[in-house]
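Peer 1: Heads up, the sequence shown is in my numbering, so the first residue is 1 and it goes up one at a time.
Treat the hints with caution; some may be incorrect.
Derived pair list, reagent style DSS-like, types lysine-lysine, alpha-carbon separation capped at 27 Å [to be verified]:
1) 31 / 43
2) 31 / 47
3) 404 / 520
4) 520 / 411
5) 47 / 37
6) 520 / 31
Label pairs and their in silico Cβ distance ranges [said to hold, decoys possible]:
7) 444 / 541: 30 to 40 Å
8) 443 / 395: 19 to 29 Å
9) 288 / 48: 19 to 29 Å
10) 92 / 349: 51 to 61 Å
11) 249 / 422: 23 to 33 Å
12) 406 / 190: 48 to 58 Å
13) 406 / 87: 37 to 47 Å
14) 406 / 444: 26 to 36 Å
Everything labelled a hint here was simulated from the structure, so no lab data went into it.
Where is the CB? At the ideal position from N, CA and C, for every residue including glycine.
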Amino acid sequence: MSPVLAGVLQLLALVAALGLSYRPLGDHMAKVYSSEKHLRPEKWIYKAIGANPSVEMRWPAYLRGVLAFSAVSVLFLYLLQRVQGSLPGSLGFVSIDPDQAFNTAASFVANTNWQSYYGEQAMGHVVQTGGLAVQNFVSAAVGMAVAVALVRGFARSRTGELGNFWADLVRGVVRILLPISVIGALVLVACGAIQNFSGIHEVGQFGGGTQQWNGGAVASQEVIKELGTNGGGYFNANSAHPFENPNGLSNLFEIYLILVIPFALTRTFGRMVGSLRQGYAILGTMAAIWIGFTALMMWTEFAGNGPAFELAGGAMEGKETRFGIAGSSLFSVATTLTSTGAVNSFHSSYTGFGGGITMLGMQLGEIAPGGVGSGLYGMLIMAVIAVFIAGLMVGRTPEYLGKKIGTREIKFAACYILVTPALVLCFTAASFVLDTPANSMTNSGAHGFSEILYAFTSGANNNGSAFAGLNADTQWFNSTIGIAMLLGRFLPMVFVLALAGSLAEQTPVPETAGTLRTEKPLFTGLLVGTIMIIAGLTYFPALALGPLAEGLAA
């Protein structure tokens, strides 16, 4: 079987698995967030944190809950790392330095999982399982809660109430993420991923010598790392490490975990707003971009020129032979079009255009299908922009799902789409203006520029993957990327929740003959075009200096 055919079959199998999961999972999540009942374990949690899950919140109160919970999480994770040397199960590792502890705490709470350290050489069992793995669950649940709050803004009318943040947070963990993670961890263990609390031990190497390895609760952290679109690996090699991702089957399963909730949330959206067709329109937009990027990535990596490419069957440099070009391309597109950031190959060694595709996937806003929760609310923001543009073209007040998109709503949407590019471009520019940050680059020229552009694109978009080749464990990058991660995560949430509150207060507008049919393929095409144009206008100059220049020079 040719590698190209194998890649096509993997893609078809993945689409089939996602299709089978779409309806039951989407409907289940809609029931979870619409239920008025509380499970007994949930009641224990509410009592422990002193929350009343039955009290409805307006958007400022909902936002305060998000920010307060996240601030406490950052502080807790920071302190846990700073005292690691005194904790049991630390494997002899010392406490983490202040700048790196801040960067890691900000990273995992912001659902980014950017790692400027070697996991197997820095973090003990307590920090890994009691700190990082816990944040993988709750940070994902926060994103889902904000997305559901925006959906309620579209679904409700003549009220500013968006639900209860604490109830949405707890339900997301207890009823959605935990059950799937338990099953997924068993699948990964069956595939060969490790799950233990063993210490550091030496193993013999072929040709003599020894190498040190440490075990850990890898499978349980790996599953929520992918399911929650987090991305931080137990080992520095991340999902290229055989303890995390042993074979082609586990690789395909991990890609499935990355995509299943973001895609299924479009059905949840359709259920909650009372129109499954609206959910299908959003799904169609996400799927069109994802399949297009996957096909383009496979083409660029299989079609390399030169004798080395021809002998290897494509651009195999930096890719695991266990996965090949197809498995690596599928994984890289899935992780950069979502906010996952996990890697099973070396993105820096991709072709110039291939590296550009991974970067552009993040610069679109990671909305195809995007992160858990963040993908849906990011796409709905783009839908608001699209109907506004359509309204300008035909000279009528834009509407979406029966809600008028007026001056206030479009200002919130505009602020949302401007925050992340401003962080990426400003921090990238500052890194080249100053002398010290540029010294961290392994490469010069267009590829060196891409290393720093990718780092801030990944941080501000809460992705967490690295282009590699950049020494990011410096005070400058630990501090600036940490700030970019926090602002890139929580500033957009401010505008999302403000928009949700504004929409929930409106009185629905009756549909007329002139209403734009947002459930039709025409709107899906308009939405895809809007996304590509906005990203292109924003990032094209920077991409021209980096991956495009490198690709054209190859």
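Peer 1: Check the hint pairing residue 31 with residue 47 against an upper bound of 27 Å on the C-alpha distance.
Peer 2: holds (23 Å)
Peer 1: Holds or violated: the 19 to 29 Å window for the beta-carbon distance between residue 288 and residue 48?
Peer 2: Violated - the Cβ-Cβ distance for residue 288 and residue 48, about 44 Å, lies outside 19 to 29 Å.
Peer 1: For a C-alpha distance cap of 27 Å, please report whether residue 31 and residue 43 respect it.
Peer 2: Judged against 27 Å, a Cα distance of about 18 Å means the pair holds.
Peer 1: When you take the CB atoms of residue 406 and residue 444, is the distance between them in 26 to 36 Å?
Peer 2: violated (49 Å)
Peer 1: Just to be sure I understand the hint, the distance between the Cβ atoms of residue 406 and residue 190 should be within 48 to 58 Å; is that true here?
Peer 2: For residue 190 against residue 406, whose Cβ atoms are near 54 Å apart, the range 48 to 58 Å holds.
Peer 1: Residue 520 and residue 31 were given as a pair; does the straight-line alpha-carbon distance stay at or below 27 Å?
Peer 2: Holds, at roughly 26 Å.
Peer 1: The hint says 19 to 29 Å between residue 443 and residue 395; measuring C-beta to C-beta, is that right?
Peer 2: Since the Cβ atoms of residue 443 and residue 395 sit about 51 Å apart, the hinted range of 19 to 29 Å is violated.
Peer 1: Falls inside 23 to 33 Å, the C-beta gap from residue 249 to residue 422?
Peer 2: Violated, since residue 249 and residue 422 (Cβ atoms, about 42 Å apart) do not stay within the stated range.
Peer 1: Given a hinted range of 30 to 40 Å, is it respected by the beta-carbon distance of residue 444 and residue 541?
Peer 2: Distance hint for residue 444, residue 541 is violated at roughly 20 Å.
Peer 1: Are the Cα positions of residue 520 and residue 411 separated by 27 Å at most?
Peer 2: Satisfied, since the Cα-Cα distance of roughly 26 Å is no more than 27 Å.
Peer 1: How does the Cβ-Cβ distance of residue 92 and residue 349 compare with 51 to 61 Å: does it lie in that range?
Peer 2: violated (33 Å)
Peer 1: Are residue 47 and residue 37 close enough, with their CA atoms no more than 27 Å apart?
Peer 2: Satisfied, since the Cα-Cα distance of roughly 15 Å is no more than 27 Å.
Hint violations for this structure: numbers 7, 8, 9, 10, 11, 13 and 14, all remaining hints satisfied.
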